[in-house]
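Take the sequences, apply the hints, and build the full model.
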Amino acid sequence: MMRRVVLTKGDSFANVQPARRRIGGIVGAAEHASVLERMHQVLGPHAQLIATGLTREPDLRPQITFDSDVCTLEGRSVNTVDEWRRALPLLSRVTGAFALAWSPEPGLLYLARDRVGHRTLYYASSGSAFVFASSIRALLATGLVARTLDERALLKFLTYAYVPGKRTLIEGVSELLPGEVLRAQGSNVAIVDSFAATSASASQEPSDELALTTDLTRALDTVVSAYASSPMPLSATLSGGIDSSLVVALAALRGSLHTHSITFGAPHKDELEWSGLVAAHCGTDHTIVEIPAQTILAHFDDTMAWLDKPNGDPLTVPNALLFREASKTGTHVLNGEGGDPCFGGPKNLPMLLASLYGEGDDDEPNALPRSYLRSHLKCFDDLGEMVDGDLAARARQKPLEDDILPWLADDSRDLVGQLMALNVRFKGGHHILPKVDALSLPFGVTPRSPLFSDTLVDLASKLAPEWKLRGSVEKYLLKRSVTHLLPDAIINRPKSGMMVPVEAWFQGPMLAFAKERVLDGLAPRGLFRREFLERLLLGRQLGLRPRRGVKLWLLVTLESHLRQLGL
Amino acid sequence: MKCIRCNHDSKKSERTADVCPNCRKPFAFDPTTGDAFTDQKFANALERVSSGGTVRFTVNNLYFELSRSIRAGSAGLFTPGAGRTEQDARTAITITLALNVAFVFVAALVFWPLAIPLSLFAAYLLHRRSQVSSDRTVAINLGDANALLAKWTHAHGSPKGLIVRKDAPKPKALPPDLRHYSFDRAVITDTAETVDMLVANNFHFENNCAILAVTGYPEGVFKTVLAMLRNNPRLRVYALHDASVRGVTLASELSHSPHWFQGTGATVIDVGLHVAHVDAFRGSWEVQSPAADLSRIPPDSYEWLSQYSLPLAVVRPEQTIKRLFRAMTQESDPVLVTGAETMLLASDTSSFSSDATSSDGGGDSFG
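Line by line, the protein sequences are chains R and Y.
Residue numbers for the first sequence follow my numbering, so the first one is 153 and each next one is one higher.
Residue numbers for the second sequence follow my numbering, so the first one is 430 and each next one is one higher.
Because the hints were derived from the structure by calculation, they are not lab data.
Check before you lean on any hint, since a few could be wrong.
Derived DSBU-like pairs: lysine-lysine, alpha-carbon spacing no greater than 35 Å straight-line [claimed, not checked]: (1) K470(Y) x K652(Y); (2) K441(Y) x K454(Y); (3) K431(Y) x K470(Y); (4) K652(Y) x K441(Y); (5) K318(R) x K550(R); (6) K631(R) x K614(R); (7) K550(R) x K421(R); (8) K589(Y) x K499(R); (9) K499(R) x K550(R); (10) K580(Y) x K470(Y); (11) K440(Y) x K667(R); (12) K631(R) x K652(Y); (13) K440(Y) x K580(Y); (14) K614(R) x K318(R); (15) K614(R) x K652(Y); (16) K318(R) x K499(R); (17) K440(Y) x K470(Y); (18) K161(R) x K667(R); (19) K652(Y) x K499(R); (20) K454(Y) x K550(R); (21) K589(Y) x K550(R).
Covered by chain R, per the in silico footprint, the following chain Y stretches (three or more residues, Cβ under 8 Å) [said to hold, decoys possible]: (22) 610-622; (23) 626-634; (24) 638-645; (25) 650-661; (26) 734-741.
Derived, one-sided and incomplete: chain Y residues facing chain R with beta-carbon distance under 8 Å [claimed, not checked]: (27) T483; (28) V484; (29) P728.
We put the beta carbon where it would ideally sit given N, CA and C, even for glycine.
Next up, the structure:
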């Protein structure tokens, strides 16, 4: 069955409370009760908070708190307080999505985050107090954290469209990295363990194609089967690309499945031809969700309010609205995120070219990291002209390339392996997974990303590069492993990515909005050169590939975050 | 003369040692001492060749831009470089000359004092007519252009965006697993300079496209990249070249040579300069040395190619890159000319792009 809905402007979802569990807590503040209360208001009715080391009074709160999904330890589910307590000594072997905090004794707190980065935690120290939470806004609500802009995080956002790594837009507020275990006691805060999925070294041993294909087919089937287990009818987002299509095909084998695809309406290009083909092939209950520009605009600030770190992907608002639609048909929403970074998707071949040619006549060690930054196709090349002179000068003192160099200088991996490790961490742990986690919160649905599961990330990291790229064919083994599930047209279609018509939007329905946000909001802050912002809005002298719409989306996203964070 | 740094306008008597009396910074040029450029005129040429500072360019790109600036500065009555073809100019001058001679004859009979100025005007026209053929070729030589660039660099530093070739690119230690990969697109050029221009502008990276010159450049990766390309039967090759004896046969060579793509299944598309394009660049032709082998030249191109050549560097880099973009996105409908494996886009006579404007008769479009 297939139906089409046109989303009109609905109720704002900016100020509703999270409809899933969030966690938070505090070590060492004197007024912990009022701090926890303020944190609770932000984290919502499902929040589980922990406080320790404040008084000698017995604390009735549980001394372990977690936000988790599909977690297992050696084949057994880890989902209750007791199960988590038993799993603490073996955290590096727990698979699934989790953010965890526990206090083994008064005044001592540990935090942990899953190996891939499905769940997120932020933390900050203030005097003798240490606070943490699933959300930055909950930390700000405590009143213990100063609202100061982190300039380097700003530059990273303009380069990547997200903020990879520990930094956040608030100076002093840090993100726990995937696989890290943090220990906080008084003012002593340290990372005491790290078991990130990306730290596993790759195996380069040649293997038999049939055996590898069989292994991957079996692993895909097992993982999707586990991720598709839910008491309610499942939903899935479906673009019609190979990744979301294979997840839908495997999930549909297990029972009734609702699928959702996006279009932005005529005259904009979409992928409905492909998603419709997959939905029909798999027999799903399919909904085409049409999202006009006015609806995007109406829910722009709503969406940004849920993102802790800014995310300049123009799909954020459609993602949120799709979760709202999916919440009408199920409690869990599958997606195909992860196929590209794990199995050799786009951006590998351009990086190979960059490694072959260097950066034109620039052959310094930072050339390849610079290509990686440039490959995001955002504002990296514009920074010198775009940001205030003092800010640009400070950025030059510690180039953004420095953060990338260690990943691309890892001699234990070939370039494709280096890129996989980097992309699983950056694009997975800092971009895609936090995005789907945050944007599903107001609607109470749980996102699941089977292709980012520990099993498949580990399997992919052991594959020699020729199983990812073969000739000019990307994701070679992944495609070979699902030939029995999908039509040839889907398996062999060229990668296109979801096209969001930002260029058209900022020439028409969103231009006035952009002018207000960029010229009246961003320009007076003194972070940017007004002349550049005006040129961008007018579309003048922006070079061979202006990408005006993408850059404007980035800037209006940033302004929305700065306003909402009170910066 | 106006200082481009502080905008102060000074007279020669106010300046000492070619320094601006206001900001005390040096001028690169002084037309009163015979320089063909002012600093502003040179800066304008840099602005045009770099498309407002957004595109990187080679010394040869700048050389042709400077030549166009000189032509534009001397452009006047019936200057072909200002947009007329040679035939148009010759015809217009001849008609005007005939009318003028007839009028001089009548005026001499009726009102003889007019005869002298009219005769002088007729002599001027005769002089211009003789100049038309020299207006075909570049206004300066490369040595002059380099001297101008050196003067500019001395006063203002190296121009932003100028590509400086390293002396000898070191061979890279390429990882062995590269043999497994390939690319779906390649641009093959007839000069290393074009490779430098495209790579410096990140064309390879943005378009997932290998770039090589038939001269074996870039030396460090040439063999590896060619081997990678030859492994891909879906490869589309874009031949980008000068209008020269060597250039116009490039696409055919790539298709039919066993050293290139013969029998690999690759499709070769010719996006280079041909004789059909040269009128748009009159004033920038270079006189051709006697060619060794003209046997493979199409008959309709023989006459021009035996006398002249037109390097691709005459086209501003932005226009060359846009032409490649367009060829890659419109490749579903190319014109087939020389066989099943080679296609020619050269017969496409539209300009490079609708936003390409030229105020100096520079002919920055071909196609």
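Cross-check of the supplied hints:
1. The straight-line distance between the Cα atoms of K470(Y) and K652(Y) is roughly 43 Å, outside the 35 Å bound, and the hint therefore fails.
2. As the CA atoms of K441(Y) and K454(Y) are separated by approximately 15 Å, the hinted pair is consistent with the 35 Å bound.
3. At roughly 11 Å between alpha-carbon atoms, K431(Y) and K470(Y) fall within 35 Å of each other, so this suggested pair holds.
4. Note on K652(Y) and K441(Y): the hinted pairing is violated, with a Cα-Cα distance of about 57 Å set against a maximum of 35 Å.
5. Between K318(R) and K550(R) the CA atoms are separated by roughly 16 Å; this keeps the pair inside 35 Å, and the hint holds.
6. A distance of roughly 17 Å separates the Cα atoms of K631(R) and K614(R); the hinted pair therefore holds under the 35 Å criterion.
7. Distance restraint check for K550(R) and K421(R): the Cα-Cα separation of roughly 41 Å exceeds the 35 Å cut-off, and the hinted pair is therefore not satisfied.
8. Proximity of K589(Y) to K499(R) is assessed by CA-CA distance (about 29 Å); at most 35 Å being required, the pair is judged to hold.
9. Pair hint K499(R) plus K550(R) holds up; C-alpha atoms about 25 Å apart against a cutoff of 35 Å.
10. Among the hinted pairs, K580(Y) with K470(Y) is consistent with the structure: their alpha-carbon atoms are about 14 Å apart, no more than 35 Å.
11. For the hint pairing K440(Y) with K667(R), the CA-to-CA distance comes to about 45 Å; that exceeds 35 Å, so the pair is violated.
12. Straight-line distance between C-alpha atoms of K631(R) and K652(Y) comes to about 30 Å, which keeps the hinted pair within the 35 Å bound.
13. Only pairs whose Cα atoms come within 35 Å are accepted, and K440(Y) paired with K580(Y) is accepted, the gap being roughly 21 Å.
14. For the hint pairing K614(R) with K318(R), the CA-to-CA distance comes to about 27 Å; that is within 35 Å, so the pair holds.
15. A C-alpha spacing of about 30 Å is found between K614(R) and K652(Y), which places the hinted pair at or below 35 Å, so the restraint holds.
16. Taking the CA atoms of K318(R) and K499(R), the gap is about 24 Å. The hint holds against a cut of 35 Å.
17. Of the pairs offered as hints, the one joining K440(Y) and K470(Y) holds, with about 17 Å between alpha carbons and a cut-off of 35 Å not exceeded.
18. With a C-alpha separation of about 22 Å, the suggested pairing of K161(R) with K667(R) holds against the 35 Å cut-off.
19. Note on K652(Y) and K499(R): the hinted pairing holds, with a Cα-Cα distance of about 23 Å set against a maximum of 35 Å.
20. Restraint check for K454(Y) and K550(R): satisfied, since their Cα atoms lie roughly 32 Å apart, inside the 35 Å limit.
21. In summary, the hint linking K589(Y) to K550(R) is supported, as the alpha carbons are separated by about 23 Å, within the 35 Å threshold.
22. A count of 4 residues in the segment 610-622 of chain Y with a Cβ less than 8 Å from any Cβ of chain R is obtained; the coverage claim is therefore met, three being the minimum.
23. For the segment 626-634 of chain Y, the proposed coverage by chain R is satisfied: 6 residues have a C-beta within less than 8 Å of a C-beta in that chain, meeting the threshold of three.
24. Coverage of the segment 638-645 of chain Y by chain R holds in this model, with 3 residues showing a Cβ closer than 8 Å to a Cβ of that chain against a need of three.
25. Beta-carbon proximity to chain R at under 8 Å applies to 5 residues in the segment 650-661 of chain Y; the threshold of 3 is reached and the given coverage holds.
26. Counting residues of the segment 734-741 of chain Y whose beta carbon lies closer than 8 Å to any beta carbon of chain R gives 0, which falls short of the minimum of three for the stated coverage.
27. Residue-level restraint check for T483(Y) holds (minimum Cβ-Cβ distance to chain R is 4 Å; threshold 8 Å).
28. Annotation: V484(Y) was flagged as interfacial toward chain R, and the flag holds, the nearest CB pair being 6 Å apart, inside 8 Å.
29. Hint status for P728(Y): violated, given a least beta-carbon distance of 38 Å to chain R, over 8 Å.
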